[in-house]
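Undergrad: Protein chains in written order, with the working numbering: chain A, -17 to 386; chain B, 6 to 406; chain C, 713 to 1262.
If you're looking for bench data, these hints aren't it; they were derived computationally from the structure.
Be careful, since some hints might not be right.
What the hints assert, rightly or not - Straight-line C-alpha distance at most 27 Å; calculated DSS-like pairs for lysine-lysine: (1) B:Lys177 <-> A:Lys31; (2) B:Lys231 <-> A:Lys51; (3) B:Lys197 <-> A:Lys61.
All of these numbers come straight from a predicted model, not from anything done at the bench.
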Amino acid sequence: MMDRLRKLLCAFLLLVFVLPLAGCWDRRELQERNLVLAIALDLADEGLKPGQSQETVKAETFVQPTGSKRYRLSLQILKYEAKGAGSKGGGGQGARKTFVLSNTGESLFEMVRDMLGQSSRALYFEHMQVVIISEAVLRQTNLAPILDFFFRDAEMRSRIRVYATPGQARPLLEFKPPTGEPGGIYLNNIARNHVKNAHIGTARTDLGHIIQALDNDADVIMPRIDIQDEVVKIRGLAVFRRDRFGGYLDEYAVQGIRFVRGTERGAIITAPCPVHPGEILALELVKHETKLTPHVAGDDIYFTLDINMTGNLSEVHGAQPNTYDYKNKDALEQAFAQEVLANVSYAVRQSQTVGCDTLYFGSKLKAHEPETWKRVKERWDEIYPAISLYTSVNVRIRNIGVHR
Amino acid sequence: MVTMRYKGWHRRIVAAGLLLLFSLPVSGCWDRQELQDRAMLLAIAIDAADDKTAAEQSRTAVEKFPQPHGAKRYRVSNQVLKLGASEEEEESRTFVLSNTGQSILEMGRDVSGQISKVLWLEDLHVIIVSEEAVKIAGLQPIIDFFRRDQRIRWRSRLYITPGKARELLEFKPESGEPGGMFLEAISRNHPKNTHVIAARTDLGFIVQALDNEADVLVPRIEMQQKVVRVGGAAAFKRGKFAGYLDEYAVKGLKFIRATEKSAIIAVRCPLHPEGLLVFELFEHETRLRPIVKGEQVFFQLDINMTGNIGEISCSRHHCSLDPEYRRKAELLFAEEVRRNVLYAQEACQELGIDVLNFGFKLKAYQPKTWAKIKDRWDEIYPTVPMTVSVNVHIRNVGEHK
Amino acid sequence: MHQGKTLNFHKLSTAIPSAALAATNERLKALRQLTSEGAKIGRDISRLAADLRKVAAPQQEPFIFTSDLETNERLLRSILRDCEDVIYRTLALKGGRALLVYVHGMTDEAGLAKFVIQPLLECSVTIPEPGADIESYIQQHIYAAGIQFIEQPSSIIGEMMGGRTLLLFDGHARVALIGTTQFAKRNVGDSKTEGVVRGPHEAFNETLIDNIALLRRRVRDPNLKIKILNVGDRSGTRAALAYVSNLVKPGLLEEVEKRIAAVSTDIVLTSFKIEELISKHPWSPFPQAEVAERPDTLLNALYGGRVGIMVDGTPLALVVPATFLSMMQATDDYTTQPLGGMLIRMIRYLSSFLAVYLPALYISVVSFHPGMLPTTLAISIAELRSRTPFPSILEAFGMIIILEIFQEAIIRLPQRMVTAASVVGGFVIGTTVVEAGLINPLLVVVVAMTAIASYTASFDFAVGFRVVRIFTLLAASVLGLYGTLLALLFTTVHLCALRSFGESVLGGLFDITLLEDWKDGIVRVPLKLNRTRPKVYGPQDRTRAGDDGG
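Use the sequences and the hints to build the structure in full.
TA: Given below as structure tokens:
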């Protein structure tokens, strides 16, 4: 009994002594961390706030033995508003504020760490929402070296949005959303609407997907974001050959690409009215099936695309076509199918011009015709722009939304 | 007899009670000053007195007082916390009061003429001294008051700024904290930021070093157009300002002292001039010891580092999982650390400041040699060589196939 | 001065005042008085001893009754010295005298007068001669129902102290015990700790006999056995073992009896003392016997093959063996629709988990892994927290201590003060502390949630939860989620290793061979689908329906 008691006591003491040693291991209270919501990457001499000069940039930065002052990294940091009973009356629901810190250098990691010299709390990246890269940076460097830091760091989430912007990136961090959300969250949430907005190419373009594409040597696409006079909009895509910036695709091309990839759930298709020429009709897409198949005939590679769409007639301008008449309905369906066909071929033509395999022709070929793929793999970059796509579209109108 | 004793006991209690009662008003709530009646001083800035713009001339004329002794040498600014300032408004949570004179204490008392409450020093977070002020008579006379006053906390932070110190007090942090607390908190991130020398540089350590006639480093703070940044260090040779060390030298010093928890080491890829390899350090052992061979004194530094790959911007061309590649990278990093450490040592020797404590090490390990060369140490120090051996080990690459 | 220096004193008393003759005499007198009193006491003691020794008492008995009434009375009076509540009533009967001895307040005096004294006094038959059969005389002439003849004098005294009346006759050593017990007691009332909505409301009270009657009234089964034991060396408290003889697991009853027999203590005032003394892991924070305050709960357990222990003086019966599943059950699970019952039971499991782990999870997420929170939640928590000066761990400990103080105060307070205490507690702590920015409102929600959640489990178990909660919180504050998981593992292992009369408290839940017990464990299936008794208690007959009944 004594022996057991002594053993127990020993174990207990050991435990007690170990406690302070283990020393609150990773403990840093939530409010002692600065949540970084967004990162913007500009060229070193860009991304200045009005009123800032190169003097400021000098004050921000550090002496750097290796590498050049190549990029200017800006972090958007959430500013906590102490919410309590005291401030209940005064706009507790008011605009959440953020502020921006910047630094220049070459290694992103080094810049981030040096920025602790401007921040009173630790910088915390696990809630980061968006990365915005300016076009100037993309034109200068490939994507992989820029994003390398994000791949390796464990604090970075795969669901982070990556945007390209034709202008400077830092102004997007300074943008104050009218909804009162913190900027980074607002920018991220815009992309979530892609389901109903066929003009936003944000499906499968977050950091995780980009990493995947880079790892597979596939072509990267990322949404483009613009800011002009307090108007922020995601429009079109920035496309890459592998990780080399190739240019932008416009919204019409994006819609076409999404028809092929079947990533949207509610597109609006407008077509000229076959019954009353000069007016337009709009179809709201409800159901959508696509099938993209590669075919190899000797040396010739071509793809066939079958699209089956079901939708509701949602808007009619001008005189009402008599949709109870089957002939008219067929004509409408034909008109919409024509439009989809035109849209898809526009998208394919645009993609082929840029040289970015936005439709995954390469991977389809690899999956269906591995033998052929092996043969053409090396020359794929040359072959791709010349590949032809034969599309057949079938549109069915289900509801017409009219009652008599 | 029993009753007598009881009575005596009773009387004694009453007497004690009365004594206590009477002494209460006499002692008068001796040091009582309610919290809200004290003006909390968060930061003190010390500038040179003549270092002021024309616009401020009229202001200082009101602030100052006639002074029988001494010169109007310093301008002391006090940052005071505004109680109850709402955090949502755009207004600052602090305000600044200034005074000019020579004795810091005298100025501090005279500044009470500008405020309705008692100045409260025990929450002082930061002391910022401008380069101009410290060049007048060194650090010692400025620090002296803070060392003697028992209200000052030894964990207060001391900064040197190349610009005007008062401007830093007027800076309103974007995060909404009161200025002084913000300035102090910046240096708390030092374990992860190798460019800030904040370990062992607070007021207590500096006073101790000055008392031991040792050389000290003080973190440098700079403000430029609403951007405040801590980085680099000001070096003092026995209390006299000797110059600044840049961030690279500070990083080297931290490698030698091993006061950092994590560091970023970047090197150029030898194969791709575009590429950059970045190493994230997280485990670190150093050993610095003096070696005497005949007349020659030199120091031997051994560094062992373990860490992860943080970033490889030319990773498209390499496979970091390849052991051969890792070995090469380890060598590159080791070479960079060596260069960094030597750069730091050289910078220190150029300024003639022995912040690496070579003197103490020598005294501790080789007391006989030290006794011999003690008097000539100032001449010898800048020429003492250091041999460095670095060993870097990469643990994780953060990559998957 | 000069005189003082020369050592010249005439009398010793001038130097030492107490040496004066008068004082000495006084003291001597006092001493004499003491000695004489001492002698008197000695004489008394020897007389008493002689009284007792007059009769040759066997070993372990203080005396034996003699046939001389005078002697018997003297013996009784000497045993019951200074027990002034004992009443001696002498009856002058035809052919001799009789003596009634009983404890005032424990005896129904009206009944005694009507059914014992009156018939004896009115009796025309003479008392039998010394040596003749007195028992039949008593049986013929006394109307009272319970009459008993016991040999050992110590038991006779014990029974008398328990409320029976002694009847002695001149010339006879045989003593009759008449059952006239009646004392102040609480009526059978509502359950205080096991509330129920649709079930029966009767609960046990402090009287063992009443409690046994409550059981019997519900079940007319001769196989329901009651075994009465005495525990407590001085108190001689009666305890009853209740079991169903053809269901109980073989060996279980013997084990319970063995452990109760091994209990060695002076007095037993609560059943918890028995529970503590018969359980093998006194350091565990969890109870190792289930508590039943209601006869239906107890019977349910007995007909599952378990053993109940009822202790006189406590309205709470114990049930062994106890398992986690059985302790998490409540009567209401069976008095509502099966789906509803299942829902309440699930909620109870969930809330017991929350009661233990919620504060720890909060601490680990807020101070260690804020990345696990959705961003918007992380932001609002950070904003709440940014006003409070303490680290979250201190905050949480502070809140939990405040909570414990409240619970303790409210249990101890007189009923009328409880409202005042709740107002002060709820209002002052809940509102003002938050408004003052000392504690953030989210933590108040977390801790309140924890407290409410812990009330759903039985009180015994809830106390165990509190201990584990503090332990888990400590682990979480040092190691974050890792610590919380370690604590969870540790608690689970402990509960599996903890055995209550051979059954693992939690282990049965994970034992694949006991999977069918889940039918009335984790879930509660309709009775038609569950016709067996839980396997874990090893009943002799597992079928509930179609039982042969005996």
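Undergrad: Does A:Lys31 lie within 27 Å of B:Lys177 when you go C-alpha to C-alpha?
TA: Holds: B:Lys177 and A:Lys31 sit about 17 Å apart, inside 27 Å.
Undergrad: Against the 27 Å threshold, does the CA-CA distance of B:Lys231 and A:Lys51 hold or violate the hint?
TA: holds, 21 Å
Undergrad: Check the hint pairing B:Lys197 with A:Lys61 against an upper bound of 27 Å on the C-alpha distance.
TA: Holds. B:Lys197 to A:Lys61 sits at ~22 Å (cutoff 27 Å).
Going down the numbered hints, you'll see the structure goes against none, and every one checks out.
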